[in-house]
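Visitor: Here are the chains, one letter per residue:
Protein chains: 2
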Amino acid sequence: MNKNRHIADRIKAAKARRRLKAEDYVKGILAGDRVMLGRAITLIESTRSEDRVKANEVVEKCLPKAGNSFRLGITGVPGVGKSTFIESLGLKLIDQGHKVAVLAVDPTSGVTGGSILGDKTRMEKLSTRDEAFIRPSPAGDSLGGVARHTREVITLCEAAGYDRILVETVGVGQSETAVHSMTDFFLLLLLPGGGDELQGIKRGIVEMADMIAINKSDLHLDAAKQAKRSYRNAVHLFPPKRSGWTVPTVLCSGIKGEGLDTILKHTAEYVSTTEESGYFRTHRQGQALHWFEETIEMGLSRLFREHPKVSQLLEDLKKDVQEGKRTPFSAADELLQAFS
Amino acid sequence: MNKNRHIADRIKAAKARRRLKAEDYVKGILAGDRVMLGRAITLIESTRSEDRVKANEVVEKCLPKAGNSFRLGITGVPGVGKSTFIESLGLKLIDQGHKVAVLAVDPTSGVTGGSILGDKTRMEKLSTRDEAFIRPSPAGDSLGGVARHTREVITLCEAAGYDRILVETVGVGQSETAVHSMTDFFLLLLLPGGGDELQGIKRGIVEMADMIAINKSDLHLDAAKQAKRSYRNAVHLFPPKRSGWTVPTVLCSGIKGEGLDTILKHTAEYVSTTEESGYFRTHRQGQALHWFEETIEMGLSRLFREHPKVSQLLEDLKKDVQEGKRTPFSAADELLQAFS
Chain W
3 MNKNRHIADR
13 IKAAKARRRL
23 KAEDYVKGIL
33 AGDRVMLGRA
43 ITLIESTRSE
53 DRVKANEVVE
63 KCLPKAGNSF
73 RLGITGVPGV
83 GKSTFIESLG
93 LKLIDQGHKV
103 AVLAVDPTSG
113 VTGGSILGDK
123 TRMEKLSTRD
133 EAFIRPSPAG
143 DSLGGVARHT
153 REVITLCEAA
163 GYDRILVETV
173 GVGQSETAVH
183 SMTDFFLLLL
193 LPGGGDELQG
203 IKRGIVEMAD
213 MIAINKSDLH
223 LDAAKQAKRS
233 YRNAVHLFPP
243 KRSGWTVPTV
253 LCSGIKGEGL
263 DTILKHTAEY
273 VSTTEESGYF
283 RTHRQGQALH
293 WFEETIEMGL
303 SRLFREHPKV
313 SQLLEDLKKD
323 VQEGKRTPFS
333 AADELLQAFS
Chain G
3 MNKNRHIADR
13 IKAAKARRRL
23 KAEDYVKGIL
33 AGDRVMLGRA
43 ITLIESTRSE
53 DRVKANEVVE
63 KCLPKAGNSF
73 RLGITGVPGV
83 GKSTFIESLG
93 LKLIDQGHKV
103 AVLAVDPTSG
113 VTGGSILGDK
123 TRMEKLSTRD
133 EAFIRPSPAG
143 DSLGGVARHT
153 REVITLCEAA
163 GYDRILVETV
173 GVGQSETAVH
183 SMTDFFLLLL
193 LPGGGDELQG
203 IKRGIVEMAD
213 MIAINKSDLH
223 LDAAKQAKRS
233 YRNAVHLFPP
243 KRSGWTVPTV
253 LCSGIKGEGL
263 DTILKHTAEY
273 VSTTEESGYF
283 RTHRQGQALH
293 WFEETIEMGL
303 SRLFREHPKV
313 SQLLEDLKKD
323 VQEGKRTPFS
333 AADELLQAFS
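Those sequence lines, one after another, are chains W and G. Heads up, the first sequence is in the numbering used here, so the first residue is 3 and it goes up one at a time. Heads up, the second sequence is in the numbering used here, so the first residue is 3 and it goes up one at a time.
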């Protein structure tokens, strides 16, 4: 595409966005208008304060129509075949009559310049389907920002009628925790191989998983079976899940579409048992409270650091504490006095 | 002891405490006066705001004379023989010419009514020695409170000339993290046995340990050797320590005094290598910063919750968030607006 043309398009879209009222966005989203949904997401990602106000209004107004979906977090190291897997799974879900939204949380995308899902051609077939909505991770934002935006985007997608939300992330640590806190079910994709795969993904992530799927099993069946066995054993060493769910370990092949039915059978079973036990609902309530508390904590910390008296004292006191000239407690008390 | 007499003594002590100025405490502490040290600790544990002000002054004034010690955290499940081990180790340290303070962090003591170290007869020989100072965990306080107080008590003990600070805790989770954050070296005591001991202590605690000692080895030598082997293997699976330290696994018997020389040889080696590398100092600086930041965070949270507008809105907004009537973000934003 011609670059100047591209920039002109973006300016035009920005102007359109400013003309639109919150109700216009909401009306479009509830009607399932994908262009409007996309524009609302851009609004959410905007850093302009007037856009933020409007974005909050849009999200708030979509909220009563949201929630009616299954939110599936998917993680795995680069090279595990996430995109191909998600494309196959998405197409299968569409075949079953669902509308599928694919989102991503990747706070590194801003740093590396690229972004997961950024290249839609990686999900060529899925992206041409009317029943699918694919949105890359916003670039150049903090993890806190990306996580908040993604959670808001989930609300909009649900209000637009998408009842299967797939949230992709790379297996690098903190972003998993964020995705785990906004999805109902957390799927870990692994490669076939010996007992050392754990090395590639961060500690704690295997424990977060509600299902472990060994991808690319068609290429390395023996290794995949071996991996399945060792993970099944490892999973039994972990403390039982609060959901009461026993973590299944399955083989699959995204590229051949193998094992996907089994995976969907397990997730359906998860939904029905946790809905029956009430866990599905209390888990979502707990997640909402988590984001509530985290947002307050981040906001308080920002107010504190930006307080004129605090910012004047902070560095000196920190230095005194480090050098053992002040106790951490009295130095903290002094700052809190200055703040209040 | 006659109960009324006991109460009369306490009232008398409280009056004496009020009469004393911060300088009086400091003078007594620096002279190594154990009665004054004990009274200053009671001042630290007091919840009266005038006592708090005086306590802060005492700690602050002792600070320049503090820090010249080795702080050893010791944890293990009930029944592992901590008291006997600490008594033997303490006596050995005194033989080597050290002054030993034994403190405890046990936030559950308030709940259960008892307290670890509460019964001094458990360390009968050590408690009669002039070179030892034993102080039980304060009862009826939050973990945050106990941790802060213990850290301040460490400062006072160091100023009073105690150069070996032993901080005991029970292996139940959060209190380990607190003790780990205020000591130079973290010793985990385990019982001899198969590979299942890990079940008894909380996940993550083995990883925090700088040394693992299998206690009561004299009673079950074969099992102890077996345990030593499995923990040595387990330790190798953990990521390397930032201190560069390789975690030794040793056998010991608190009651027979066996293995204590080996343990002290390892801790001496730890001190000399980490002092040489500079880690000993940067680790303490990092700990001070940790308590600084944690105290600020706790204080901010308290200021927030006690703010009249916030406390008026908080519960309703929380309920709205839980019920999905408000997004966690906009609800948090509203509270932050009300606060600032």
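Check each hint, because a few of them may be wrong.
[What the hints assert, rightly or not] DEER-style ranges, computed between Cβ atoms:
# : chain 1 : residue 1 : chain 2 : residue 2 : range
1 : G       : Arg307    : W       : Glu52     : 53 to 59 Å
2 : W       : Met300    : G       : Lys127    : 18 to 24 Å
3 : W       : Gln287    : G       : Thr248    : 53 to 59 Å
4 : G       : Thr248    : W       : Arg36     : 40 to 46 Å
5 : W       : Lys29     : G       : Glu325    : 44 to 50 Å
6 : W       : Asp335    : G       : Ser279    : 29 to 35 Å
7 : G       : Thr248    : W       : Arg50     : 51 to 57 Å
8 : G       : Leu291    : W       : Arg244    : 32 to 38 Å
9 : G       : Ala236    : W       : Glu317    : 39 to 45 Å
[Said to hold, decoys possible] Pairs of lysine-lysine residues, derived as PhoX-like cross-links and limited to a Cα-Cα distance of at most 20 Å, are as follows:
#  : chain 1 : residue 1 : chain 2 : residue 2
10 : G       : Lys94     : G       : Lys267
11 : G       : Lys63     : W       : Lys327
12 : W       : Lys258    : W       : Lys243
13 : G       : Lys67     : W       : Lys321
14 : G       : Lys63     : G       : Lys29
15 : G       : Lys258    : W       : Lys63
To be clear, the hints were calculated from the coordinates, so they are not data collected in a lab. Quick caveat: nothing in here was measured; it's all calculated off a predicted structure. The C-beta atom is built at its ideal place from N, Cα and C for all residues, glycine as well.
Visitor: Evaluate each hint against the coordinates.
Guide: Comparing the hints with the structure gives:
1. Take arginine 307 of chain G and glutamate 52 of chain W: their Cβ atoms lie about 31 Å apart, and the range 53 to 59 Å is violated.
2. Between methionine 300 of chain W and lysine 127 of chain G the beta carbons are some 52 Å apart, a value that contradicts the proposed interval 18 to 24 Å.
3. The hinted window of 53 to 59 Å between glutamine 287 of chain W and threonine 248 of chain G is violated, with their beta carbons roughly 46 Å apart.
4. A beta carbon spacing of about 58 Å between threonine 248 of chain G and arginine 36 of chain W contradicts the range 40 to 46 Å that was offered as a hint.
5. The hinted window of 44 to 50 Å between lysine 29 of chain W and glutamate 325 of chain G is violated, with their beta carbons roughly 25 Å apart.
6. As the Cβ distance of aspartate 335 of chain W to serine 279 of chain G is approximately 33 Å, the hint placing it in 29 to 35 Å holds.
7. Between threonine 248 of chain G and arginine 50 of chain W the Cβ separation comes to about 54 Å, which falls inside the hinted range of 51 to 57 Å.
8. As the Cβ distance of leucine 291 of chain G to arginine 244 of chain W is approximately 33 Å, the hint placing it in 32 to 38 Å holds.
9. Between alanine 236 of chain G and glutamate 317 of chain W the beta carbons are some 42 Å apart, a value that agrees with the proposed interval 39 to 45 Å.
10. Between lysine 94 of chain G and lysine 267 of chain G the alpha-carbon distance is near 12 Å, which keeps this suggested pair within the 20 Å criterion.
11. Distance check on the hinted pair: lysine 63 of chain G and lysine 327 of chain W sit about 10 Å apart at the alpha-carbon level, within 20 Å; holds.
12. A distance of roughly 31 Å separates the Cα atoms of lysine 258 of chain W and lysine 243 of chain W; the hinted pair therefore is violated under the 20 Å criterion.
13. Proposed proximity of lysine 67 of chain G and lysine 321 of chain W is supported: the alpha carbons are some 18 Å apart, at most 20 Å.
14. Taking the CA atoms of lysine 63 of chain G and lysine 29 of chain G, the gap is near 10 Å; set against the 20 Å cutoff, the hint holds.
15. Straight-line distance between C-alpha atoms of lysine 258 of chain G and lysine 63 of chain W comes to about 72 Å, which puts the hinted pair past the 20 Å bound.
Comparing the model with each earlier hint shows violations of hints 1, 2, 3, 4, 5, 12 and 15; every other hint is respected.
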